Amino acid sequence: QKEVEQNSGPLSVPEGAIASLNCTYSDRVSQSFFWYRQYSGKSPELIMSIYSNGDKEDGRFTAQLNKASQYVSLLIRDSQPSDSATYLCAVPGSARQLTFGSGTQLTVLP
Amino acid sequence: EPEVTQTPSHQVTQMGQEVILRCVPISNHLYFYWYRQILGQKVEFLVSFYNNEISEKSEIFDDQFSVERPDGSNFTLKIRSTKLEDSAMYFCASSEGTSYEQYFGPGTRLTVT
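These protein sequences, in sequence, are chains P and A. 1 is the number of the first residue of the first sequence in the working numbering; add one for each residue after it. 1001 is the number of the first residue of the second sequence in the working numbering; add one for each residue after it.
Note that these hints are calculated values from the structure, not bench results. Here the structure is a predicted model, which is why all the values come from computation and not from measurement. Among these hints, one or two may not hold up.
[What the hints assert, rightly or not] With beta-carbon atoms standing in for the labels, derived distance ranges:
id : chain 1 : residue 1 : chain 2 : residue 2 : range
1  : P       : E57       : A       : N1051     : 32 to 38 Å
2  : A       : L1039     : P       : G54       : 35 to 41 Å
3  : P       : P10       : A       : P1070     : 38 to 44 Å
4  : P       : V29       : A       : D1063     : 30 to 36 Å
[To be verified] Just a few of them, taken from the derived set where beta-carbon distance is under 7 Å, the chain P residues facing chain A:
id : residue
5  : G16
6  : S32
7  : S40
8  : L46
9  : S49
10 : S52
11 : G54
12 : P92
13 : R96
14 : Q97
15 : F100
Heads up, the beta-carbon is just placed ideally off N, CA and C, and yes, glycines get one too.
Please build the complete structure, drawing on both the sequences and the hints.
Laid out in structure tokens, this is it:
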């Protein structure tokens, strides 16, 4: 059974700061990792995927993967109030089914 | 931009009734999924579907649940006899053949009274 653990937060950062979100996973053979953003009452929205060790940048978002430590993180630079949401880490299984973490609630303070 | 759609957005039903939740996945996607999220809890996998058959199901997906792709566009989740604990948001998702990235629909809020 895959386990995906996230700090539940809440995490508060001031506008313009860097928000750092962390996720650990139990299955050493996992090859893909995803970050979803979920606004209250809405569905998960895919914002980043990462497949290999190191950093992947997309605009203000950077995903970092360390397979040896079974750790994946998401950095949000220049945080905006519109980034306030719950961020979900997800790992696929053998049939592509996603196991989600419980999410980290982020609040960006104006 | 193509997107997954779901109907209805909100369904209220009485305990013991059957409900059908409908989804139209992105048109060139090959893999389809249902997830649910009870208020305040994690998103949980229910079932995945590929090549007109179930490829994986969770322990939540018991005999009360079924899925169907009745035509080339719709993907449905049926709950035969709803229970109070089935109250949740139900999300449909789809992915391409070459990528594991899944795109979610807006969800159906199911309320069982």
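Hints and how they fare:
| no. | hint | verdict |
| --- | --- | --- |
| 1 | P:E57 with A:N1051: 32 to 38 Å | 36 Å, holds |
| 2 | A:L1039 with P:G54: 35 to 41 Å | 37 Å, holds |
| 3 | P:P10 with A:P1070: 38 to 44 Å | 43 Å, holds |
| 4 | P:V29 with A:D1063: 30 to 36 Å | 31 Å, holds |
| 5 | G16 | 29 Å, violated |
| 6 | S32 | 5 Å, holds |
| 7 | S40 | 11 Å, violated |
| 8 | L46 | 6 Å, holds |
| 9 | S49 | 5 Å, holds |
| 10 | S52 | 14 Å, violated |
| 11 | G54 | 19 Å, violated |
| 12 | P92 | 5 Å, holds |
| 13 | R96 | 6 Å, holds |
| 14 | Q97 | 4 Å, holds |
| 15 | F100 | 4 Å, holds |
Consistency with the previously given hints fails for numbers 5, 7, 10 and 11, ordered from lowest to highest.
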